[in-house]
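J.: Residue numbers (the working numbering), protein chains in the order written: chain A, 79 to 472; chain L, 4 to 94.
Every clue listed holds true.
List time: in silico EDC-like cross-link candidates among lysine to aspartate or glutamate, alpha-carbon distance up to 20 Å:
| id | chain 1 | residue 1 | chain 2 | residue 2 |
| --- | --- | --- | --- | --- |
| 1 | A | K276 | A | E306 |
| 2 | L | K42 | A | D284 |
| 3 | A | K276 | L | E91 |
| 4 | A | K268 | A | D129 |
| 5 | L | K42 | A | D281 |
| 6 | L | K42 | L | E9 |
| 7 | L | K42 | A | D283 |
Chain L is faced by these chain A residues, among others (derived, beta-carbon under 8 Å):
| id | residue |
| --- | --- |
| 8 | D102 |
| 9 | A105 |
| 10 | E131 |
| 11 | S143 |
| 12 | I146 |
| 13 | G147 |
| 14 | P285 |
| 15 | L292 |
| 16 | S296 |
Calculated directly from the structure, the hints in this document are not laboratory data. Positions of the beta carbon are idealized from the N, C-alpha and C atoms, including for glycine.
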Amino acid sequence: MAAKLKAMTGNEAMAEAMRQINPDVVAAYPITPATEVVQIFAGFVADGLVDTEFVAVESEHSAMSACIGAAVAGARAITSTASQGLALMYEMLYIAAGLRLPIILAEVNRSLSGPLNIHCDHSDTMGASYTGWIQLFSENAQEAYDGMFQAVRIAEHPDVLLPAMVTTDGFIISHGMEAMQVIGDAEVKKFIGTYTPKHRLLDTDDPRTVSPALLQDSFFEFKRVESEAMRKAKDVVVAVGQEFGKTFGRAYGLFEPYHLENAEVAIVVMGSTAGTAKVAIDELRAKGQKVGMLKLRCFRPFPYVELAGALKHLKVLGVMDRSDTFSSFGGPVFNEIRSALYDEPKKPVTLNTIYGLGGRDINVGDIKGFFENLLRVAGSGKTDGLVSYLGVRE
Amino acid sequence: MASLKELSKRQELLSPGHRACVGCGAALAIRQVLLAAQKVPVVASCGVPGDLHLHLSLFGLADPLVPQCLRELRGHGLRDGGGLSGLEADR
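With these hints in hand, go ahead and build the complete structure from the sequences.
T.: So this is what it looks like as structure tokens:
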């Protein structure tokens, strides 16, 4: 295997993955902090390093529209965006999923306005978590790079045929340089294979209607099948992650436990915060505290059975959300994790903290402080409320 | 330019089964457009729901003789553009 150690930012890693995937069509519009992904890829197009038809569009709505058109025509299509760009794609995200088009989106997590903020939180991606897209989160650039190849396989699997977004955390990963393993082009090509859609719109010998009008007598059945595809995607995520591990030495699953098995108190996090949390956990473990973490990689499909199985033994669980639902009942990850645990006869006290909005730093001390609160609850059995806000001036 | 008399001898591409009302101007128009444009390989509807979209694409009744792609109001042009890019890439 011709893997090379290289220093790359998250955006460079995503763009490099796109070069190696060599998609048929890329349609995109720039937005901070995802701009570089397409900017770098446009360089690959200009230099003749890919065979891609690059469509420069006037908005993210148009970018996703063009990707949908390309995918309907039978092309492997990729785009990239962040924040307001993802929000502007919103209408098209549902259509991509509903038409069962395996489009890939390199998404860089950024807050949603207003007020204006260009830094990391998960508000954009969480807002799109009901659109029918598979969502894979990354702790670092390596996971984002690896995730892009897996996303192609997962999205194009005949049991799935759903679009997939691979996310990094804005600036923290997208602009942070790290050493990572870059796979050889030939190995990537072999792993992702070729995309052979079952139907192509432009097949005039077999004319079809794409996106027909479905009324009360048939629409429901189509959505039920879409739901079933997302359910089946869970096993495909696991299978592809394992195959990736066998092939390239880095296996992936639905989530990654960290000192979780014998922990009494643990946290759930997504994205780059997992790296910081591992340091906090190591330091607390060195002092004899039985603490651990579950890093949730696959938010869609939501692996509720597996999550409940991995978390039910805990005394206290703290779910860390990098976005707020503004429902007055905590963050989106908290709500789904707590629901997943509901049917367990023995389950942890499950609390929520919302942190890091608009790129607010989350450091080792912050996470250790949150753990200390959880340990206090484990000792006393008393809580100060379900939802807290970490690192905010109040 | 073909006359209506000449067009009437060509193969109808708008097949029976659409839900437009008898005498619907939109259905007549698209029928004539398709007759005139016999070599156009794909139909992309630019109508909003309630117009050609519902008339021509009702699931179970739509049986086009040419491929057609229909969608909501916004983004027609870009989806069609993307489709052409996909076709170019496919070549």
